[in-house]
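*Asks:* For reference, the chains in residue letters:
2 protein chains.
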Amino acid sequence: MKPSSNINPHVSVDCVIFGFDENKLKVLLIEQKHPGKEVKRRFALPGDLVYEDEGLDQAAGRVLEELTCLKGLFLRQFYAFGDPHRASSEKDRDWLETYRTKPDARVISIAYYSLVKMEEYQPGAGSFAASSSWYDINEIPELAFDHNLILEKALACLREEISYDRIGSDLLPKKFTLSQLQRLYEAILDRPLDKRNFRKAVKKMDHIRPLDERQTGVSHKPAQLFRFVQNKKRI
Amino acid sequence: MKPSSNINPHVSVDCVIFGFDENKLKVLLIEQKHPGKEVKRRFALPGDLVYEDEGLDQAAGRVLEELTCLKGLFLRQFYAFGDPHRASSEKDRDWLETYRTKPDARVISIAYYSLVKMEEYQPGAGSFAASSSWYDINEIPELAFDHNLILEKALACLREEISYDRIGSDLLPKKFTLSQLQRLYEAILDRPLDKRNFRKAVKKMDHIRPLDERQTGVSHKPAQLFRFVQNKKRI
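Chains A and B, in that order, give the protein sequences.
Read left to right, the first sequence gives residues 1 to 235 (our numbering).
Read left to right, the second sequence gives residues 1 to 235 (our numbering).
Just chain A, same shape as in the assembly:
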């Protein structure tokens, strides 16, 4: 179980993978294998130490695949977590002693995030992950190390992204209704939005264009369809 000598014991990567399922925002967590003595279940973001000879982006992709079998995601580096005591809590002691050659080393973690359509990614489990699954962002258990903090910061980044209109286009169908768009915003912002105000705001969004088309095959009055366009630079 102990890592090879090629491992850099001072630097890790952690991946916050958000999934959207047309209604809710979830996050991918692994359950860590028991280090023997412990009884409590341990949940964590997928993350591990980097190899000495790999770059950080490369490490993030590799670690995510090893632990959850997911690959090909666009991982965006968003923050480095370096509190000197981020891995010295009592709750993490047994795990560190089982899995790390230098359980006392200060580990700085470079965190990445991604937002995907949940249905397109079926996670598996490998390495020290016993399993991995999607969790509602409002039902997150206590996580290993400072992973609750990392998740919180990733959520804040995601919310900033959406407020600057920088996400969305691959999370909805090519042509979508305003209700679908509102559900995406509500899931990410984690609060209900007033329908009328939302529609007013959308009218001012340069990257959302109304189409001369309506839904088909619905029993209710078919809603107008919209699409995303590339944001033009204003200046």
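Any given hint might turn out to be false.
Heads up, the list lumps identical chains together, so a pair's fine if it works in one copy or across two of them.
[To be verified] With a cut-off of at most 20 Å between alpha-carbon atoms, the simulated DMTMM-like pairs for lysine to aspartate or glutamate come out as follows:
no., residue 1, residue 2
1, K33, E65
2, K117, D170
3, K33, E97
4, K153, D57
5, K203, D53
6, K204, D165
I should point out that these hints are in silico values taken from the structure, not numbers from a laboratory.
Use these hints to put chain B onto chain A, whose structure you have.
*Replies:* Here is chain B on its own, set in the frame of chain A:
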């Protein structure tokens, strides 16, 4: 010259301090003290290894102050640089052997940036910096390690910030003319902007508000004054 045992030899911080002088964008570089054998002058971003017991933000503030005597800046973490070979170039060898206890260690650097009014910060020099001064961003010499890359990435972040209207308010007087605002945008984007198009774009900016006031004490026709307002959330 060698660092104390309290130093973490694997993680450093680097600071990209941009200065605006109402016309040009500059960046703060230090000239590193000669390691003896070398003759070539060595320029670098202010940066150094972190202490084992300090957080990353704290390290960035301390290192900046030690090398350039500047303090109290708002430093924003923007990226972690972790190419396995970022400090293994021949050009950096002598310096590493003189100043580092583990010249071969892989060092991951957490980079910070700040944008300040240049006139408010007079840099000095300390530690392994022989001097520090402001350099025009178009006249940057070859820098130590991967510092040219770090600077480039910081510039890209800064340009993204301004395109989302997130900077500016403390770089200009409280009340300013559109020419002053245009010079700020031109300096950061590093390209001339068309005056008419710029004025049209400003009209759409929620965070710039025209005032019922004009310049006073100028020999030419006094220009209208503007001020910054807090960006309101759209949704």
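*Asks:* Taking the hints in turn, state whether each one holds.
*Replies:* Status of the hints after comparison with the structure:
{"no.": "1", "hint": "K33 - E65", "in the structure": "within (17 Å within a copy, 45 Å between copies)"}
{"no.": "2", "hint": "K117 - D170", "in the structure": "within (8 Å within a copy, 40 Å between copies)"}
{"no.": "3", "hint": "K33 - E97", "in the structure": "within (13 Å within a copy, 43 Å between copies)"}
{"no.": "4", "hint": "K153 - D57", "in the structure": "both (19 Å within a copy, 15 Å between copies)"}
{"no.": "5", "hint": "K203 - D53", "in the structure": "neither (49 Å within a copy, 51 Å between copies)"}
{"no.": "6", "hint": "K204 - D165", "in the structure": "both (11 Å within a copy, 16 Å between copies)"}
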